[in-house]
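Starting from the given sequences, assemble the full structure and let the hints guide the process.
Chains as they are written, first to last, in my numbering: chain A, 1 to 491; chain B, 492 to 815; chain C, 816 to 1097.
Careful: at least some of the hints might be erroneous.
Claimed, not checked - Calculated pairs, PhoX-like style, for lysine-lysine (alpha carbon to alpha carbon, straight line, at most 20 Å):
hint	chain 1	residue 1	chain 2	residue 2
1	C	K1050	C	K1022
2	B	K497	C	K821
3	A	K90	A	K463
4	C	K817	B	K493
5	A	K318	C	K1015
6	A	K207	A	K251
7	C	K992	C	K1077
8	B	K565	B	K802
9	B	K493	C	K821
10	B	K624	B	K565
11	C	K1062	C	K1022
12	B	K802	B	K779
13	C	K855	B	K570
14	B	K565	B	K666
15	A	K401	A	K429
16	C	K1059	C	K1015
17	B	K658	B	K802
18	B	K497	C	K817
Worth flagging that the hints you see were computed from the coordinates, not collected in a lab.
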Amino acid sequence: MIRTELKIKNAVLYLFLLCFAAAGCKKFTDEPYDDRAQLRSADQYQQVLVNAYPVRHDLFTDILTDDFDYHAQLAQASSVSNFLPIFMWKDDYPDNIAAGPANAYAEYYAKIFLANLALEGIGAATGSDQQKAAVKGEALLIRAYCHFILVNIFGQHYNTATSGSNLGVPLILTNAKGNINTYKRNSVKEVYDQVEADITNGLEQLKNGGSYVSVNPYHFSVATGNALMARVKLYKGEWDQAVKYSDAVIKEKGYVVRKLSEDIPYLQSSGMLFFATRYMDPSSHPNILSLSYNATMGPLTPTGYFICGFFPSDSIVKQYNAVNGVSDLRQRVFTSVGTVIDVRVIALKFATQANSPSNTPIRVPYFNMEEVLLTHAEALLRSNAGNAVQAALTDVEAIRKERYLPYKPLDAAITKDALLNVVMLERRKELINEGLRWYDIKRLNLPVEHRLARGGAPDDVLKANDLRKAIQIPRQEQERNAPIASELNPR
Amino acid sequence: MKTIHKLFAAFFIGIGLTACVKYKNDINLEDAQAKQAALTSKVRQQLGDAPNGWLLMVPNLDPTIRTAIPIVLKFDVAKGVVNSTSPFPASLSSVPSLFELSSATGAPLLSFATGSIFSGWYEAGGITDYYFKILSVSADSISMQPYRKGNVYASEGGIPMVMYRLKTPATWFDKPYDLKAILTGKTAPLFNNANNPLKLTYKDGYQQPAWNMEFDGVAAGDMAFWQRYVPFTRYLGMIPIYLFSNGNYTVPGVYYCGNNALVSHLDNGFTPAPWFIDQPKKFISAIKTDYLLVRNLSTDSAKVELFALDKYGNEIISGTLEAK
Amino acid sequence: MKQVIKLFILTGLVAMTCLSCLKDKSPAITDTIDYFAIPKPVNGLDSLIDTIQHTYGLRVIYKFDPRVIDPTTFFVPASYDKAKGYTKYVVEKMWLQPISIFAPDFAKNQIPIEFLTVGTAIHFNSISSGGAAGAGLNAQYYRLGMGDVNSFSINRAWIREHINILYHEHAHQLDHKFGRPKGYDQVSQGTYYDLQFQYKTDDQAQKDGFFRAYGGYQPVEDFATTVEAIMRFPKDSVMKIIAKNPKLEVKYKMVNAFYLSKGIDLHMMQVKLDSVVKALVP
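Encoded structure:
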C-alpha cells in the first residue's frame, strides 16, 4: 500500500515536471533548429527566385525530331542505353540519367514549388509594394513558363476542339503541406488557361515593380513575359494575339538580331572552344532576352558533345549549304566531329563541348529575338492581317541580313505562301539545337522518320497524329503519385 | 579441454594446407587447350569428309522473302582451301580462297579468311558476315551462324543456316551459258519477242500464273560503272540486265545473269529504289524464289528450262521461259 | 616457458598456412595459350610473310580470323593473289625495304608490328554504308591496315600513289602516338573548311593554307595530307606550293622537323621511292 502511494506521488511529480518541460519548449520549437534563414522580407523572396529558374531540361526533345539523326559509330555506350529509347519514342525510357523526360518533370515542378513559395509568402513579407509586385510578377512568369513546358512535353498539343478533354499535367498553384501528396492531371486547356492567366497577371505585376524588376538577362522581364505569351498564342493558333505580344517585344527591343559576322572571327583568333563559350554570352549578344545557366552539360548530353550519338540530321545540315554562291554564315556554327567518314557535325552554341560533358557549364536561352521575330512573321502570315507580307518581310530580312553572304533581299512581290515557307525554314535553321523543334513538330502535325542506320529504311515513323507525341509520364512519378498511374497518356 | 584446443588448431591448419590444392585443379588450361584442339580437328575432319561437297542455302536477308540461294562448298583441309560452285561467276575464279578454323574463343569459328564468294556477297549486302560460329555438327549437316548481324548497332549473330552433305555430285552449275546474249542479244528470240511468259510449277502442284518478261541490256558505258561500283557485279561477277514485267515499260527492275542462273538482288546502296528494290522484290514474291537455275536451252535459244532447289538439293520449282 | 614454445610453434604454423596460399593466388599457368599462334607456311604468301617478319619485324595479316574481328568496323580480306602482290610490291619493296635502309631509326621505332591487307575500303556502321569509307585502319599503334588492295595491279602509278596513302595513314598513327607538333593546330585555327572541303578545289585549298582540299577538313587530316604531299611531290614542287600561303610554310617546316626528329627525311624518301618504283615496274 505504501509503495503504491509512493508510485502515484512520483507519477504526479513526473507528470508535473514533464508538463513544465514541454511548456518550456513552445518558444524553442518556434525557432528553426539550425541556422537557416527565415523568409521574411521581399529581398529574401527575390533571392529565392534566383534559384527558381529551371534548367532547360526540355533540350532532350531535340532528339525526338527530324533535326537529329542517330550515329552509332559516334555514340558513347551510355548514350546508346540512355537516349536511344527516347530517340525511338519509347515509353520505357530510362530515368536517373543526365537528361530526359524524368529530369524535365522533376525540374519544372521543383521550380514551380519555389515560385509558389514566393507567391504564398510575399504578401506577408516586409518590403515596399513595388518590390513585392516585382517578386510576384517574376514568380508568376516562372510558374507559367514551367507549366507551359510541362504541358507541351507530356500532353497532346493544344487543340481547340479536344484540349478540354486531353490530358495535360497537374497544375500546382499552392504547395501541398501534407506528408504524402498526390496530384491529378488537369486538362490541356486548363493548363493553358492558367498559364495565360499567370502571364497576364505576372506582366501586370512587373509593370508595377518599378526599379525592382531585374534587368539581369538571367531573370524574366516584361519582354520575356511578352515573348512567352507570344509563344503560347502561336502554339494555340491565335495568330492576332501572337502578333500582338511579339509586337510588344519588338517595340521594346527593336529588331535586334545576333550579328554572326562579329562572332565568327573568334573562331580564328581564339579558337573553337572560346567561340562556343562566348556564343550565348548575354552581355555581347543583346538578341538574347533571357537565358538559363547550368553548372554541367547534363541537359545537353544527347546532342552536345563529340561522341553524344545524336547529330544534326542530314536533312537539316544540307540546308546550310551555299546556294548560287550565297553562303549561310550559320554553317560556321557547326564543327565536324568523328572522322571524315562519319560526316557528322555538332552545333557549337552553348559551351566548350569537349569530350566530357560532366564539367562543362552551359548557357541556354529561354527566349531570343530571332524566335520572337519569326513568331511575329509566321503569325502575321497565317493571320488575315492586311499588310502581312510586308511586315513579315521586315522581320525575316532583319535575320537574313545577318546570316547570308552576300546578302540579297527577297523579292518584295513574294507570295504569302512562299514567304511562310521561308519563315518556317529559317525558324528551323536559326533555332536548331535550342530545344524548340519538337514543339513545332507537334503544333504543325509533322511526321518524323527515325533510322538506326543512315540511308536505310526508317526503323520507326512518328505519324502526324501519333499518340506518342505526348511523352509518357515518367515511371518515378507513376510510382510516387499513385492517382496519375490511372491517367497515363493513351497509346 | 586443452586437448580440444590443440585438435582445433590442428584441424584449421589441416584445412589451410589443403584448401589450395583444389584451386589449382580448377584451372587446367591444358585440358581446355586439348578440348579446343579436339573440337577444331573434329570440325575440320567433318568439313573435309564430303567428296561431293556441302550444300549451303543462304537465306535472303529481307524477312519477307522466304527463299535462299544455293552454294556448294568443298573444303580441302590439307591446303586450307575452299572451292565453291554457285550461281555466281566469281566461283569460277582460279584464285584460291583460304579458310581458317579456330576455337580459341569457345565456339568454333569458320572464317572464309581471304577474298571469297562470301566476302563478295558480304560486300554486296547479301550475307551479314564472312565468318561463322559453328553451332552444331552432325553426321550429315553443320549448322552455323554469321558472326555479326551486319550493322554496328545490331547485336551479335546473323541468320543461322545449315550446310547439308551432298550424297551425289551437284551438277547444277556445271553448264555455262551466255545468258546476257540469250536474253538481250540483238538477234535473240527472247529479246526480239515482246511476249515471253515465265511458267513455273511448284513441288506441291501449284502453278504460278505466267509472268511476262521482257529484257534489255545495260549500255556499255553503264556496265563500266556497274563493274566498278556495284558490289554484286564487281565481286560476284553478276551481269546486270533490265527486266520489264507484265507490260510495265516505265519502271524496269534490275535483274542479274550468272553463268547458269538468273538472280534477283535487292540493293539499297543505289537509286532509283524502284529499280533496285521494289521491282525485284515484287518479282521475287510472285515467283517465290530469288534465283532460277538453267537446266537446258533449246537450240534456237527461244526456250529456257529453269528450276530451283530446296535445302537438301531436291528440285522444288521447275518451269520454262519461252519466246512466243 | 612451455607455453611460450607452444605459442611460438603455433604462430609459426599459422603463418606458414597463410603464406602457403600466397603463391597459388595467381593460378599456376605454366604454359601460354597459343591464341595468336603463327602457323606453318602453307603457300607462297605465307613464306613471304615469314621472311618479312623475320627481316623487318612486321607481320602481314591477309587471312582474317578472330584476331582481326572488330565488331564496329566492316571490311573484307583481299583475295589471295592481290594480297600476295601487294605484300611483295608495296609493303616489302616500297615501304619496309627503303625505310630500313635509308631511315633505320624510324624503321626500328615507328613501324607497327602488324599490317592488314584489306580488300576494299574500311566501312563504319555497316559494310554497305555508302561512299564514305576509310582508306586505311590507323587507330592502333601496333597495327596498320590499308584498304583497296583488291585494286592492286603491277602498275607504276598505282603503286607509287598507294605508298603516298600509306604514308598518310601512318602519319595518323604517329599523330596519335606523339601528337601534332606544338602550335600546329593554331596555324589554320578557325579557317578549317569542315565538311565544306568537298566543295573546294586543291588549288583554292593551297591558297587557303592547306596542301589539299581534304587537308582543310580538320587538323588531323591537315597533318596527314601535309605528309602525303611531301611524299608525292619533289622538293621543288613542294617549295612552290608553300610559297602560296605563309601558313603552308609554317606547317611544312613543323612536319618536316617532326619527321626528321623521328629519323626520316621525307624529301629524301620521296626521291628514293621514285627510283625504286621505276626499278620495280620498268
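Now the hints, each set against the structure:
A distance of roughly 19 Å separates the Cα atoms of C:K1050 and C:K1022; the hinted pair therefore holds under the 20 Å criterion. For the suggested pair B:K497 and C:K821, the alpha carbons sit about 10 Å apart, so the restraint of at most 20 Å is met. For the given pair, A:K90 sits about 14 Å from A:K463 by alpha-carbon distance, which is consistent with the 20 Å threshold. Only pairs whose Cα atoms come within 20 Å are accepted, and C:K817 paired with B:K493 is accepted, the gap being roughly 14 Å.
Restraint check for A:K318 and C:K1015: the C-alpha separation of about 16 Å stays at or below 20 Å, so the hint holds. For the hint pairing A:K207 with A:K251, the CA-to-CA distance comes to about 16 Å; that is within 20 Å, so the pair holds. As the CA atoms of C:K992 and C:K1077 are separated by approximately 12 Å, the hinted pair is consistent with the 20 Å bound. With a C-alpha separation of about 17 Å, the suggested pairing of B:K565 with B:K802 holds against the 20 Å cut-off.
A C-alpha spacing of about 12 Å is found between B:K493 and C:K821, which places the hinted pair at or below 20 Å, so the restraint holds. A C-alpha spacing of about 18 Å is found between B:K624 and B:K565, which places the hinted pair at or below 20 Å, so the restraint holds. Only pairs whose Cα atoms come within 20 Å are accepted, and C:K1062 paired with C:K1022 is accepted, the gap being roughly 9 Å. For a cut-off of 20 Å, the pair hint linking B:K802 to B:K779 stands: about 14 Å separates their Cα positions.
Our distance criterion of 20 Å between C-alpha atoms is met by C:K855 and B:K570, whose separation comes to about 11 Å. About 19 Å separates the Cα atoms of B:K565 and B:K666, which keeps this hinted pair within 20 Å; it holds. Distance hint between A:K401 and A:K429 is fulfilled; the C-alpha atoms sit about 15 Å from each other, no more than 20 Å. At roughly 16 Å between alpha-carbon atoms, C:K1059 and C:K1015 fall within 20 Å of each other, so this suggested pair holds.
Straight-line distance between C-alpha atoms of B:K658 and B:K802 comes to about 13 Å, which keeps the hinted pair within the 20 Å bound. Straight-line distance between C-alpha atoms of B:K497 and C:K817 comes to about 14 Å, which keeps the hinted pair within the 20 Å bound.
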